[in-house]
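Read top to bottom, the protein sequences are chains Y and H. If you read the first sequence in my numbering, its first letter stands for residue 102, the second for the next number, and so on. If you read the second sequence in my numbering, its first letter stands for residue 317, the second for the next number, and so on.
Errors might be hidden in some of the hints.
[Stated by the list, open to error] Partner residues aside, some chain H positions facing chain Y, computed with beta carbon under 7 angstroms:
1. MET394
2. MET404
3. ARG411
4. GLN419
5. SER492
6. ALA546
7. ARG547
8. GLU551
9. ARG781
[Claimed, not checked] Computed footprint of chain H on chain Y, listed as stretches where at least three residues anywhere in the stretch have a Cβ under 8 angstroms from a Cβ of chain H:
10. 140–148
11. 177–190
12. 226–234
13. 323–329
14. 442–452
15. 484–490
16. 529–539
Treat the hints as calculated values from the structure; they're not laboratory data. Cβ atoms here follow ideal geometry from the backbone N, Cα and C, with glycine treated the same way.
Each chain, letter by letter, is given below.
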Amino acid sequence: MTEVEEMLKFIGVDSDERLFSDIPERFRKKSMNIPLHLSEYEILREAEAIRRMNDTAGYHNFLGCGTYDRIVPASVDSIISRTEFLTSYTPYQAEISQGVLQSLFEYQSVLSDLMGMDSTNSSMYDGYSSLGEAVRMAYRINGKKKVLLPDHIYRSKLSVIMNYIAGLDLKIEFYNFDEKTGFIDLNDLQKRVDSDTCAIVVENPNSLGILDPNVTKVQDVKGSALLIAYVDPISLGIITPPGTYGADIAVAEGQQLGLHQNFGGPFLGIFSFRKEYARRSPGRLIGRSVDHNGNVAYVMTLQTREQHIRREKATSNICTNQALMAIAALTYISLLGSEGMHRVASITMRRSAEIRKALSGVPGIDSSPFSGIPFSDVAVRYSGSREKMQSSLKKNRIWGGIPASDIINHNDGVTRDIYFFSATEKTSDEDIEALRRALEAI
Amino acid sequence: MFRQAAYDEPLIRDMRSGTTYRVPGEHTETPEIPDSLVRKEINIPNVSEYDVVRHFTRLSEMNYSVDTGIYPLGSCTMKFNPKYADVMASWSEFRDVHPLRPQETVQGNLRIMYELQEYLKAISDMDAVSLQPLAGADGEFTGISIIRKYFMDQGTDSERREVIVPDSAHGTNPASAAMAGYDVVEIPSTPSGTVDLDALKSVTGRNTAAFMITNPNTLGIFDGGIAEIARIIHEAGALLYYDGANFNAILGITSPGLMGFDVVHFNLHKTFATPHGGGGPGAAPVGVKKFLEKYLPTPIVEKNGDFYSFKDVGDKSIGKIGPYYGSFMVLLRAWAYIRYHGRDGLEAISRRAVLNTNYLERRISGSFRPSNNSIKKHEVVVSASGTGKTANDVAKYLLDMGMHPPTIYFPLIVKEAMMIEVTETVSKKDLDAYADAMLASLKEDAKTSASRPVNTKVTRIDEVRAARDLELTWNDIHS
C-alpha cells in the first residue's frame, strides 16, 4: 500500500474525491487552460529560452530615478540565499526564530543610525508605500487636514500616496521649487503652512535629482506640522541625515542597499520615526528582552497595533513585509562599513559631476539647468526633438535619458525639456564618453 | 533528540575586525556639498567580510525554516519552495534589469508577466489580473480600492460606506477595509463556522460596498452557502471579495470565478510556493471580473502578435499601488511553479493537501476537539480546551521536538484554538510524528509544560518587558 492509500483507509474513504463531496457540482471546475506538467530539466530549459529574449548585449546604463544599478556584494546574495532565512515565516514563535529576530533588530539599529532617527521598523514594501504610510501616521498623530507635497513629485509616487490617503479626511496641496536653483521655494512653502497643516513632505535629493540645502530650513517654517523626509539612503554616506533637520518621520527606498534592480521588485521600504511615536507607527517592530533564564532574547513587540490583534483599528493592514530584503540591506551596510558607505556616495557624486562636465560642451545641451548639485540623477535640458535624442541613444547602446514629463507630476518651466542621466559607482569613463558622443551625434 | 544551535552571538556593532570589503575606484575627496548638508558623523559597524558572513550564518542556524521541517501555520501555506525557482531567480538577465528599460529589451520579463496573468485567470476563472500588489494585505487594499472606484463611478460611493467581514476573517480583511476608509461590519459565524445567512441578510443593503470572505474559510470548511451568499450580496448591488489565502485547497477543483466572486487576490508566497523570507517578500496579484477591469492598477501586460508590452489601464484605473509592476522576482518564481506543475499537478497538490489535513485531524481528534465535524479542506482548527493543557503549552512542547507549532489562539471564535495547515509537502511519516508529539504533550506534568521550550536557542521570552522597556535599537539598550 502507498502512503496515500494508507491514509485514505485510515480516514475511512475509498478515494480522495470523497473529500471534495462538499463542493456542489455546479461549482466544480471543468477545465483549466494551463499546459501539463514539466520536469525540472524542461522548466529550466524553457526559462533559459525566455531569459534570452531579454536584450543582454553590452550597453551603457544611465537609468535611475529611484532604482539604481549598484554593486551587489557576493556575500549579500549568499546570506539571503541561506534557506533558514529564505524559507522561514514571520517569527511568531520567537524561541525558534532568534536568527531572523536578531537580524531584524540589527537592521532596525543600523538603519536608525544611518537615517539619524530614533527608531526604524523591520521593513515596509518599498519607498512609495512607506511615504503613503508616513502621511497616514502623521494624520493619526495630529488629525490635521492638509498635507503639503512638492509640486514636482514623481507621478507614480503621488498616485500611491493618493491611494493610501483616499479614506482619510486629508487634502493635498503642492508647494513650488525655485526655477533657478531647483530648491524648495521656502517663501511659497511658508505661505501654505497654516494651523491645519498635518505634515510637510520634503525630498532630498528631490525629484530633479538635486541635493537641496533648504530641507534643513523647513523646520523653521513648519509651525505645528510634522516633517516627513524622503531620502536616498546611499546619499546618507556623506549627506546629513533627516534626524539632523528635524524630521519626525523619515522614509526611503532601500533597493540600493544590496538589492538587484529586480525589474522593480522586490524592493525595501525603510521607515524611521521619533521613538515617542512608536505606538502610532505601522509595521512590525522587533524588541529586545530576556528569556526566563535571563538571557538576551528578541521578540516582535507592540503587536497590539497590528491587524492580527487590533483588526479594523490597527495602525496599518500590513502583515507580510520585506524581511529578507531588510537582511540584505543590513548585510550590505555591514560589509561596506562607514568608509565604504562614504565612498559609494562620494564616487556617485563625482560621477554625476563628470557627466555634467562632459556634456557641458555638447551643442543644444544645458547640463546645468539648475544651480543646485545633483546626487545620482543628472538633469539636463535639451529643447530639440525627443525622438532624435532617443534614437541616437539607442543606436549607441545607451539606456537613459528619462524625460521629466514621463515621470514628474506637474510639468512647467522647471521641468520643461529636462531629461535624466543617472550615475552610480559603476558608471565608467567609457560610459560617460559614449554618452557624450551619442548626444553630440543627435 | 532535537537541540537547536545556540551560539552566544554578539550584536554586529560589537564586532570590530575592520572592513575588508573593497569598493572599487581610487580614493576620492569628498565632493563639493553645501555646508549645511555635510554629514558630520556616521556610526556604522566596521566588520570584516569573513566576520559578517560568519555572523549571519550563525544567526541563520538559529532559525527554523521550511527546509528544516514541517511548518504548519494556519492559513500561511508554508510549503516546500522549489529549488529550480531559486536557480532562475539568480539569473542576471532577469534580475539585473532596470524597470524603465525600453520594452523591446525586456521581452523575456514581460512574457513571464503576461503568462502569469493568463495562468492566474485560468486558475481563478476571473477575466483580468493585475500583478502589482506586494502582499496579501496589499492585494486586499487594492481590491477594496477598485471596489470604491467602481461605486464612485456608479455615483453611490457616499452611500455605500460599509464592508462586511465574518468574525472568523483574517485580521487583514477588516484592517484593509478600514484603511480604505470603510466602516467595518462584523457578522457572527454559525456554530459550524460557516457564514450565518440570516446575519448577513440583516446587515446587507444599500450601504454595503462589499463582503470579504475566504472559501474554504479559516476553519478549513467549504461554505456550501456560497451561492446564496453571492445572491444576497449581488441583489443588494454590493460586490463579493475573495481572500485567496486559502487557495491551496481548490486548485483545479473549483474557483472564485465559478462561485460568483467579483474580486480576488492570490497569495503567491502561499499557494504558489515563493519563499516567505522570514516575513516577506510576498506578492498578491488581484483578479477581477470584466466589468471591473478598467479600474485595475496600471499598467498590465498585453501581447500583440509576438510582442509583449505594457498597457495603460486608462483614466478609470485606481493608478499605482506600488512604484512599478509588482515584485517581479516573486512573480517569476510563481510562474515557474505553475508551469512546472501544470494543470494536472496543480490539482494533485490540492488533493494531497486536503488528504493530509483530514488525516492529521483524524489522528488527533480523539484528544483535540475539531471546531466542527465537516470534511476539512486546506486546514483544520482544533481546540486544546478540555485537554488539561493550553494551546500555548502544546506549541512549546512541539518547539522542543524540533517541529514548528501551528497558529495558536486564532481564529478568535474558537477557544484555545490551534489552526493547522500542513500542506501537501509533508509525508505520512512526518504527519504521524507531528500527531504523536501533539498527543504526547498532553501527558506531561504541569511543571514540565511550563518550563518549555528548553531545546531552542532561548526559553520563553518576557514579552511584557519588551513592550514596557521598548528597546527597538541597540541605542535603546538599558544596561
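Structure-based check of all given hints:
Hint status for MET394 (chain H): holds, given a least beta-carbon distance of 6 angstroms to chain Y, under 7 angstroms. Taking 7 angstroms as the C-beta cut-off, the interface hint given for MET404 (chain H) holds, the closest approach to chain Y being about 5 angstroms. Taking 7 angstroms as the C-beta cut-off, the interface hint given for ARG411 (chain H) holds, the closest approach to chain Y being about 4 angstroms. Against a cut-off of 7 angstroms between C-beta atoms, the interface hint on GLN419 (chain H) is violated, since the closest Cβ of chain Y lies about 10 angstroms away.
The restraint placing SER492 (chain H) at the interface with chain Y holds, with a minimum CB-CB distance near 4 angstroms, inside the 7 angstroms limit. The restraint placing ALA546 (chain H) at the interface with chain Y is violated, with a minimum CB-CB distance near 11 angstroms, outside the 7 angstroms limit. With a cut of 7 angstroms, the hint placing ARG547 (chain H) at the interface with chain Y is violated, because the nearest CB-to-CB distance is about 13 angstroms. Of the supplied interface hints, the one on GLU551 (chain H) is violated, with its beta-carbon coming no nearer than about 19 angstroms to a beta-carbon of chain Y, more than 7 angstroms.
Interface hint at ARG781 (chain H): satisfied, since its Cβ lies 5 angstroms from the closest Cβ of chain Y, which is below the 7 angstroms cut-off. Under the rule that three or more residues need a Cβ within less than 8 angstroms of chain H, the assignment of the region 140–148 of chain Y holds, with 5 such residues. Residues of the region 177–190 of chain Y lying with their CB closer than 8 angstroms to a CB of chain H number 13, which satisfies the three-residue condition for coverage. Check on the region 226–234 of chain Y: 5 of its residues sit with their Cβ under 8 angstroms from a Cβ of chain H, so the three-residue criterion for coverage holds.
For the region 323–329 of chain Y, the stated coverage by chain H is violated: 0 residues have a C-beta nearer than 8 angstroms to a C-beta of that chain, whereas at least 3 were required. Three residues within the 8 angstroms Cβ limit are the bar, and the region 442–452 of chain Y against chain H gives 8, so the coverage statement holds. A stretch counts as covered by a chain when three or more of its residues have a beta carbon under 8 angstroms from one of that chain; for the region 484–490 of chain Y and chain H the count is 0, and the coverage is violated. Counting residues of the region 529–539 of chain Y whose C-beta sits closer than 8 angstroms to any C-beta of chain H gives 0, which falls short of three, so the coverage hint is violated.
Hints 4, 6, 7, 8, 13, 15 and 16, counting from the list given before, are not met by this structure.
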